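Protein chains in written order, with numbering that gives the first Met the number 0: chain E, 0 to 500; chain X, 0 to 142; chain C, 0 to 321.
It is worth saying that the hints were derived from the structure and are not from the lab.
Values in this document were obtained by computation on a predicted structure and should not be read as measured data.
Just so you know, not all the hints are guaranteed correct.
Using 30 Å as the maximum straight-line C-alpha spacing, the simulated DSS-like pairs for lysine-lysine come out as follows [stated by the list, open to error]:
#: 1; chain 1: E; residue 1: K243; chain 2: E; residue 2: K295
#: 2; chain 1: X; residue 1: K110; chain 2: E; residue 2: K103
#: 3; chain 1: E; residue 1: K295; chain 2: X; residue 2: K110
#: 4; chain 1: E; residue 1: K289; chain 2: E; residue 2: K429
#: 5; chain 1: C; residue 1: K77; chain 2: C; residue 2: K45
#: 6; chain 1: E; residue 1: K295; chain 2: E; residue 2: K103
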Amino acid sequence: METLNLLADGFAVALTPTNLMLALLGCFLGTLIGSLPGLGPVNGVAILIPVAFSLELDPTSALILLSCIYYGCMYGGRISSILLNIPGDEPAIMTTLDGYPMAKAGKASEALAISAVASFIGATFATIGLTLFAPMLASVAIHFGPSDYFALYVMAFATIGGITGANPFKTLIAAFLGLMIASVGLDPGTGVARFTFDSFHLYDGFDPIVAIVGLFAISEVLMYLEKMDQLPDKMVPLGRAIPKMKDILSGGWAYMRGSVIGFVSGVLPGAGASLGAFLSYIGEQRWSDKDGSFGKGNPKGVAAPEAGNNSASGGALIPMLTLGVPGSGTTAVMLALLISLNIQPGPLLFERQPDIVWGLIAALYIANVVLLLLNIPLISLFTRMLSMPQWILMPFVVMVSFMGIYSISHSTFDLLVMVGFGVLGYILRKIGVSLVPIILGLLLGADMENNLRRSLSISDGNFAILFQSPIALTLYAITAIMLCLSFYLAFRKRRGAESAP
Amino acid sequence: MTDRIVGLVLLAAAIWYGLTAGTYEASFGDPLGPAAFPVMLSVPVAVLSLFLLLRPDANPDWPRGAALLRQLAAICILVSYALLLERLGFLLITFVAVALLGRLLGSQWHKSAVSGAVVSLVLFLTFDRVLGLPLPALPEFMS
Amino acid sequence: MTVISRTLGAAVVFASLGAFQAQAAECIAPADPGGGWDFTCRTVGKLLHDLDLVDEPVQVTNMPGGVGATAYANVMSKRADDDSLLVATSTVGVTQIAQDKYPAGTDVMRWIAMLGTDVGVLVVPADSEMEDLDDLVEALKEDPGSVPTAGSSGAGGWDHIRLLMLADAAGISAEDYKQIRWVQFDGGSPAVTQMLGGQVDLVSTDLGEIAGFVESGDIRILAALSDDPIPAFPDAPTAIEQGYEVTGYNWRGFYTGGEVSDEVYESWVERLSDLYESDEWKEAARSSGLVPVWRGGEEFEAYVNEQAEQMNQISREIGVIE
Numbered sequence: 000m001e002t003l004n005l006l007a008d009g010f011a012v013a014l015t016p017t018n019l020m021l022a023l024l025g026c027f028l029g030t031l032i033g034s035l036p037g038l039g040p041v042n043g044v045a046i047l048i049p050v051a052f053s054l055e056l057d058p059t060s061a062l063i064l065l066s067c068i069y070y071g072c073m074y075g076g077r078i079s080s081i082l083l084n085i086p087g088d089e090p091a092i093m094t095t096l097d098g099y100p101m102a103k104a105g106k107a108s109e110a111l112a113i114s115a116v117a118s119f120i121g122a123t124f125a126t127i128g129l130t131l132f133a134p135m136l137a138s139v140a141i142h143f144g145p146s147d148y149f150a151l152y153v154m155a156f157a158t159i160g161g162i163t164g165a166n167p168f169k170t171l172i173a174a175f176l177g178l179m180i181a182s183v184g185l186d187p188g189t190g191v192a193r194f195t196f197d198s199f200h201l202y203d204g205f206d207p208i209v210a211i212v213g214l215f216a217i218s219e220v221l222m223y224l225e226k227m228d229q230l231p232d233k234m235v236p237l238g239r240a241i242p243k244m245k246d247i248l249s250g251g252w253a254y255m256r257g258s259v260i261g262f263v264s265g266v267l268p269g270a271g272a273s274l275g276a277f278l279s280y281i282g283e284q285r286w287s288d289k290d291g292s293f294g295k296g297n298p299k300g301v302a303a304p305e306a307g308n309n310s311a312s313g314g315a316l317i318p319m320l321t322l323g324v325p326g327s328g329t330t331a332v333m334l335a336l337l338i339s340l341n342i343q344p345g346p347l348l349f350e351r352q353p354d355i356v357w358g359l360i361a362a363l364y365i366a367n368v369v370l371l372l373l374n375i376p377l378i379s380l381f382t383r384m385l386s387m388p389q390w391i392l393m394p395f396v397v398m399v400s401f402m403g404i405y406s407i408s409h410s411t412f413d414l415l416v417m418v419g420f421g422v423l424g425y426i427l428r429k430i431g432v433s434l435v436p437i438i439l440g441l442l443l444g445a446d447m448e449n450n451l452r453r454s455l456s457i458s459d460g461n462f463a464i465l466f467q468s469p470i471a472l473t474l475y476a477i478t479a480i481m482l483c484l485s486f487y488l489a490f491r492k493r494r495g496a497e498s499a500p
Numbered sequence: 000m001t002d003r004i005v006g007l008v009l010l011a012a013a014i015w016y017g018l019t020a021g022t023y024e025a026s027f028g029d030p031l032g033p034a035a036f037p038v039m040l041s042v043p044v045a046v047l048s049l050f051l052l053l054r055p056d057a058n059p060d061w062p063r064g065a066a067l068l069r070q071l072a073a074i075c076i077l078v079s080y081a082l083l084l085e086r087l088g089f090l091l092i093t094f095v096a097v098a099l100l101g102r103l104l105g106s107q108w109h110k111s112a113v114s115g116a117v118v119s120l121v122l123f124l125t126f127d128r129v130l131g132l133p134l135p136a137l138p139e140f141m142s
Numbered sequence: 000m001t002v003i004s005r006t007l008g009a010a011v012v013f014a015s016l017g018a019f020q021a022q023a024a025e026c027i028a029p030a031d032p033g034g035g036w037d038f039t040c041r042t043v044g045k046l047l048h049d050l051d052l053v054d055e056p057v058q059v060t061n062m063p064g065g066v067g068a069t070a071y072a073n074v075m076s077k078r079a080d081d082d083s084l085l086v087a088t089s090t091v092g093v094t095q096i097a098q099d100k101y102p103a104g105t106d107v108m109r110w111i112a113m114l115g116t117d118v119g120v121l122v123v124p125a126d127s128e129m130e131d132l133d134d135l136v137e138a139l140k141e142d143p144g145s146v147p148t149a150g151s152s153g154a155g156g157w158d159h160i161r162l163l164m165l166a167d168a169a170g171i172s173a174e175d176y177k178q179i180r181w182v183q184f185d186g187g188s189p190a191v192t193q194m195l196g197g198q199v200d201l202v203s204t205d206l207g208e209i210a211g212f213v214e215s216g217d218i219r220i221l222a223a224l225s226d227d228p229i230p231a232f233p234d235a236p237t238a239i240e241q242g243y244e245v246t247g248y249n250w251r252g253f254y255t256g257g258e259v260s261d262e263v264y265e266s267w268v269e270r271l272s273d274l275y276e277s278d279e280w281k282e283a284a285r286s287s288g289l290v291p292v293w294r295g296g297e298e299f300e301a302y303v304n305e306q307a308e309q310m311n312q313i314s315r316e317i318g319v320i321e
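In isolation and in its complexed conformation, chain E is listed as follows:
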């Protein structure tokens, strides 16, 4: 009851006309930034901080504006995933798997609607979790140690083979390639430079955004240049402009399953939104892929990861607010923002500055509703983008990606790396290697290694520590069950195929 009173106070703060306007502006800008490849939510929030300052907003209003940008980015990331097969940000990579095939089949508006609803459900689920259980969840999350995180990553990589319909060995190769790429740079544990060829440019390793844009966007240009003689001018049938309710409902319970899985991995600061989206997709695939249509445009393959990544983004606010521990790049920027607004996140935040916390939470509810209302009408606008001629769209997307990266790093070296990734991505696509596992490997590889090494630092080199915690053992058990299940399903499918004709 007390919680509800506090939340009501929060709404009173957030619902002033100025704050509502800011929420609207934040949602719009966030969606825009999120949908531009190369300019993900981390940089989006970071570069808009000075704007918030220059408006001389009070802390609550600034926080509302930037949280709406944060949520907006998370909504926006899916748009270019679906329409262009280029993830707008890291967590949106899973959405390319089924979203882009849907768009190619003329169901772009359906995919956008499903993902908008999924984003809404996921983010709202997380916000409710944040409202009701934040301090309690934080005290549970701290019991997740390095060996438990390592078990979580093992689970992710053990189940990765099945994410695409293609050759599972090639998927594994892609995942390992990503892990190898992730090891380039200064080793955080000891400061040793690995695979850098003595170049300072490589000391921080490969930025996942650079790799994403290169692998997806530039390889897409090369693909198009190869096929342009054989294709009719319009690649994609436009389909319906406004999706039917029935299509939106086809996401079904996938919305909820994705939300739950995403939320759990958001609350764990070492897991984050990309892993949340990935596990939601894997979970949904194991749960409901009866006919092998995942990866070919199954609506549930859009609904689950989108609900998952938005739920994880909301969940990630819990350790950030209650412990001061950011679970992702974006929450790290939000943390820096809070501190510069003279708000100290941590165990005392909810007691000391309840008006700010509850104002923020209320703003998140509002942002969600605004984003849903904003995104549904925008669908027809976005799908119309597909009817733009490729010679306008592609150079524009490439230049936006180039500048999104150059304007942050001021390194033309990064641009060359991007082109290199583009060529690599093109070759891999030609031989049927999925690009998504490479990005997953790149995103999770460093954390996987660090947590393994942290575990062994704690135990002074004794490997037994990896199997001592009940949490880790549970995760390994789930991994084993999932592996057995997929072998069993593959076996049954083969036998079914043999006996059918």
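Dock chains X and C against the given chain E, drawing on the hints supplied.
For chains X and C alone, kept in the frame of chain E given last:
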């Protein structure tokens, strides 16, 4: 055939990667050190590359003739863009690159020139002026 | 065309917000947006303009890479005589220089000033059996591997070195203190939460980021590595009070290119000095957990050189570098 070549390249890469990683050491630090994890990675990669070598999929169709030339031209444009960006300044090089890419993607010269001008101006205003992320606007000798 | 018109729309929105920027002083943050150096640049950049010490808003450029090495190399080779340039740095950067991880030593830059400092602390969970530094030292002397310790830097980084300096001051031999288990996390708060989760027993890091946990009573300060008690926690004992002559600050400051004229250099020192004197800076520093401390001009250059020298020596002694 393609799979075999890729498999071979990958095998060589995995061996090089594992051997290079093996040389990393820190006089100081955690029990596992900087070498162990990459060395651990190189083994499954080598095994998987053998799989590509021994059980390759059917060959994909590689582009020939005009298509291949177009791809090479696009790569050249993008690489030159990266190399010349700071020397020629953002506005000029973006105009040229977008115009050339547009032409390559099948539009007419005058149309792609317009698109080049619009894209370079819009992006400059968005990034440099609006978002406050400075870009080198003009050629080096003019600024 | 939709995309373009939307972008234009956004441009108009922004333009009307008055966020225009012109050529002006530039502050390079040698890290991604959101980190400590980025924060230093943005806060100081904003104050410089608010206090009318510069005419135009200060542009903040992020140049991440190699814990500041990329920016160092860039300024050294391309911007050595740039009059309008500030680069944020801290003790962490000097540690890197001292361990030969930058392309050159401290002598290629002109060091302008430091404006404040964070204080290193050793903290334990509130219910820890260790009551003071003597308990810790005793445990380490008995078995150096008995206290798994975490911090925000890797082995050989500043958080780790501060701990080893203390062990050294306590008379523990280099052979022994190398055995102390060190666990690296990506920041002070993750290290502390892992300690609260029972993974490690001790954390060595900067106070600023984790002050909330001290206030809430979840953790206790075993020792503050400062000359005087910390203003925010006057009751927390310093290492010196407990008989161990060790301090471990993490200051925040700026350098500029090595070929700028004396005139320009002096004017930067003066402007930052004015900024330091302002109430606005004191407030900004306090809110981010820094203690305002001023060292500027030649005094600061001497200080940086001495610190680099000292750090180099320690790193050699403990074997981080050969």
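Tested hints:
1. E:K243 / E:K295: Holds - the C-alpha atoms of K295 (chain E) and K243 (chain E) are around 20 Å apart, at most 30 Å.
2. X:K110 / E:K103: holds (27 Å)
3. E:K295 / X:K110: violated (36 Å)
4. E:K289 / E:K429: holds (28 Å)
5. C:K77 / C:K45: holds (25 Å)
6. E:K295 / E:K103: Within the cut-off at roughly 10 Å; holds.
In the structure shown, a violation is registered for the earlier hint numbered 3 alone.
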